[in-house]
Amino acid sequence: MRRSLDLHSADPASGTLSGSDQAYELHGVYFCYGNPLARDVRWVLSDMNVQVESGEILGIVGPNGSGKTSLVKLLAKLAVPHRGALSLFGRNLADLSQAEAARTVAFVPQDSAPAFSFTVAETVLMGRYPHRRQTRWSLGFGWEDRDDCAAAAQAMATMDIGHLASRAVTDLSGGERQRTMIARALAQAPRVLLLDEPTAFLDLQHQIEICSVLRRLSDEHDLTVVIVSHDLNLASQYCDRITMLKEGSVYATGTPSEVLSVETLRTVYGCEVLIDPHPESGLPRITLPRQGMPFRV
Amino acid sequence: MIPSAGHSTSSVSAVASPSMPSATMQTSGHMNGDDRPFQGAVLTPMRWWVIMGSLSVVALLLATVCLQLGTQYIGLGNLLGVLSSALFDQPSDDTMLNTTSVILLQVRLPRVFLGFLIGVCLASVGVALQALLRNPLADPYVLGVSSGAALGVALAVLFGIGTTMLAFSLLPVCGFLGGLVALLVVYRMAASYDRLPIHSVLLAGVILNAIFSALIMFITSIMEPNRSFGMMAWLMGSLTAPAYPALAALSVYLLFGLVLLFKQVRVLNVLALGEEPARSLGVDTERAKRVIFLVSALLTGAVVSVSGMIGFIGMIIPHAVRLVIGADHRLLLPASALVGGMFLMVADTIARTFFVPSEVPVGIMTALAGGPFFVYLLVWRKDRLG
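Taken in order, these protein sequences are the chains called A and B.
For reference, each letter of the first sequence is one residue, going 380 to 676 in my numbering.
For reference, each letter of the second sequence is one residue, going 591 to 976 in my numbering.
The shape of chain A in the complex, shown without the other chains:
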């Protein structure tokens, strides 16, 4: 494992946190859309037990409709579990205000962008919203200060979009827009970054680039990253651990080598794939079967 495990115990800031090794802890979490007391309630997530270690990259994978996005929404405090306990760095997430949570957790939803022609720099600066205090007489203007601009500039440099600063987000390509949204989340100066399908609209080069940046942020700055992804190969190469969901509960969790096996994928996805060790990293590599192969399930 590339990450040095004693990183956070050396960090004085996290020393004050109780349970500082755990970014998130979910115990028996149930969640559904609609009325949880209905007789025919259909839990989207049921009996979830997930731990996210501080500073790790956790990949959440699973078939469509297995509850990946719902799980991330719970982590982002956009939804509240109906049963069970969900804590963020040792504190019950439900007890935190939305603004407090926003200073710790940043969330990049699937394919989001401003509806109007904001510039890239303006969009990234929106990430500073939770850090700007509004006074009674400022009429809600709250001009960004030097810290905000510096954080935004850094985030833009990290995502390599500095040259786009004055372009309108509505005129960007899908990849540029996605990098802008991730920069917006980084400008939030979070300790936890949640990403829903971050590489879905990116070309190969930018997929690799974003994953490397996330890897570096996690390694060097103890940023905890939770990625929802359909791309099992990317998850295998870049995640420390993978949690695989099936029908709203955790089917398997562990390192990529532990989770990604022919048997697991057969059970969870219902299809046959080839898995061999990656020639460089030795981590599992998933290959689609030869064309015309019968479906052996």
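Derived by calculation from the structure, the hints in this document are not laboratory data.
Hints should not be assumed to be uniformly reliable.
Pairwise CB distance ranges, derived in the manner of DEER restraints [claimed, not checked]:
id: 1; chain 1: B; residue 1: V965; chain 2: A; residue 2: D550; range: 19 to 29 Å
id: 2; chain 1: B; residue 1: R778; chain 2: A; residue 2: G553; range: 26 to 36 Å
id: 3; chain 1: A; residue 1: D550; chain 2: B; residue 2: R778; range: 30 to 40 Å
id: 4; chain 1: B; residue 1: A910; chain 2: A; residue 2: S552; range: 25 to 35 Å
id: 5; chain 1: A; residue 1: V459; chain 2: B; residue 2: A910; range: 41 to 51 Å
id: 6; chain 1: B; residue 1: S841; chain 2: A; residue 2: W522; range: 27 to 37 Å
id: 7; chain 1: B; residue 1: L650; chain 2: A; residue 2: H542; range: 35 to 45 Å
id: 8; chain 1: B; residue 1: F963; chain 2: A; residue 2: Y630; range: 49 to 59 Å
id: 9; chain 1: B; residue 1: R637; chain 2: A; residue 2: G553; range: 29 to 39 Å
id: 10; chain 1: A; residue 1: S552; chain 2: B; residue 2: L968; range: 17 to 27 Å
id: 11; chain 1: A; residue 1: A579; chain 2: B; residue 2: V965; range: 32 to 42 Å
id: 12; chain 1: B; residue 1: E876; chain 2: A; residue 2: D400; range: 30 to 40 Å
Derived, one-sided and incomplete: chain A residues facing chain B with beta-carbon distance under 7 Å [claimed, not checked]:
id: 13; residue: F486
id: 14; residue: Y508
id: 15; residue: P509
id: 16; residue: F520
id: 17; residue: G554
id: 18; residue: Q586
In this text, a Cβ means the ideal position worked out from N, Cα and C, and glycines have one as well.
Knowing the structure of chain A, use the given hints to seat chain B on it.
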């Protein structure tokens, strides 16, 4: 314990600084050593003051021109003379100047000011609704909020509860209630989809407009003929010179709403990202929505009760202003407000001068300008609506 702002600022430098030396150099090159790393890419207080200052100057100049024009042209010297004698309370013996003074102070000044005020409100509501619904075509008129307010006012007139008490009319309140009902219904209809698609919002507005118009027509047709004629003229959207106490009461009422709206400018920015991203940035979106809905209905209701249905200002003005100065609502809202005020002031001046001796309802002018613009946006600027 969860880290507070103090911890977060320290982690800003941690997340960003040591990692990418080349990129860091690049950005600090732009910085000029001060706190403006994005020259021209973001709104600065400096730029805000420059733009708002120049717009205010233009507004004053336009107001002067609008005061001069009318059935009787008033020269600049006379105009300033009357205004200063009114301000400093010097009675004058010149009968010519006295006639001018009556025209100017009793008719034109209140009417021009009313036009400006109503334009300000309609454009501001347009900006707020567009941000909230993430829809550049939103406008109180298009969404049926205006006709909801008009229905409220019409009902009040029908049942005779629109009586004036101490210069405070109950009509704005009835307009407010009607507008609020319309707004809630439109939002409900449109939000039954997950992401408030642009066209379903418009469709909801169309349906609501049809229903409210039918009800208003019904009310109009069962009134006595002379009252229904006044009703029709009011519905078309027209300005008449109000008495000063009524104008003052209206100004206070509208100013209250505008201040509430201006407290939401940064929230409007973040809401443009969408409701969930806004919440994940710590915005209390439910509260913001409530405030914006209430204020929009408040302003629209008051405006409609005074001037009838003046359409499209809330859509054209924010859109045009956004194209020129950018999307940041901290500037977009006040700038659109000023431009909207100027627009209606000028449109009303045209309405009352170009077709002398008759006067065209200003609502017809704005609809003639706004309708084609709406079609243009819908057909040729699809890319902008995505």
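Here is how each hint holds up against the structure:
1. Checked against the hint of 19 to 29 Å, the C-beta distance between B/V965 and A/D550 comes to roughly 23 Å, which is consistent with it.
2. About 32 Å separates the C-beta atoms of B/R778 and A/G553, a value consistent with the hinted range of 26 to 36 Å.
3. For A/D550 and B/R778, the hinted distance range of 30 to 40 Å is satisfied, since their beta carbons lie about 33 Å from each other.
4. Remark: the range hint 25 to 35 Å for B/A910 to A/S552 is upheld by a beta-carbon distance near 27 Å.
5. A hinted range of 41 to 51 Å for the beta carbons of A/V459 and B/A910 is consistent with their spacing of about 42 Å.
6. Restraint check, B/S841 to A/W522: a C-beta distance of roughly 28 Å satisfies the suggested window 27 to 37 Å.
7. Between B/L650 and A/H542 the beta carbons are some 41 Å apart, a value that agrees with the proposed interval 35 to 45 Å.
8. Roughly 55 Å separates the CB atoms of B/F963 and A/Y630, a value that falls within the hinted 49 to 59 Å.
9. Taking 29 to 39 Å as the suggested C-beta distance range, the pair B/R637 and A/G553 conforms, at roughly 30 Å.
10. Checked against the given bound of 17 to 27 Å, the beta carbons of A/S552 and B/L968, roughly 25 Å apart, stay inside it.
11. Our hint of 32 to 42 Å for A/A579 and B/V965 holds, since their Cβ atoms are close to 35 Å apart.
12. Here the CB-CB span from B/E876 to A/D400 is close to 35 Å, well matched to the stated 30 to 40 Å.
13. Hint on A/F486 holds. Least Cβ distance to chain B is approximately 4 Å, under the 7 Å limit.
14. For A/Y508, the suggested interface contact is upheld, since its CB lies about 5 Å from the closest CB of chain B, less than 7 Å.
15. Look at A/P509: its Cβ gets to within about 4 Å of chain B, closer than 7 Å, so that hint holds up.
16. With its C-beta approaching chain B no nearer than about 5 Å, A/F520 sits inside the 7 Å limit, and its interface hint holds.
17. Below 7 Å, beta-carbon pairs count as interface contacts, and A/G554 has none with chain B, the closest being about 17 Å; its hint is therefore violated.
18. With its C-beta approaching chain B no nearer than about 19 Å, A/Q586 sits outside the 7 Å limit, and its interface hint is violated.
Of the numbered hints listed earlier, those contradicted by the structure are 17, 18.
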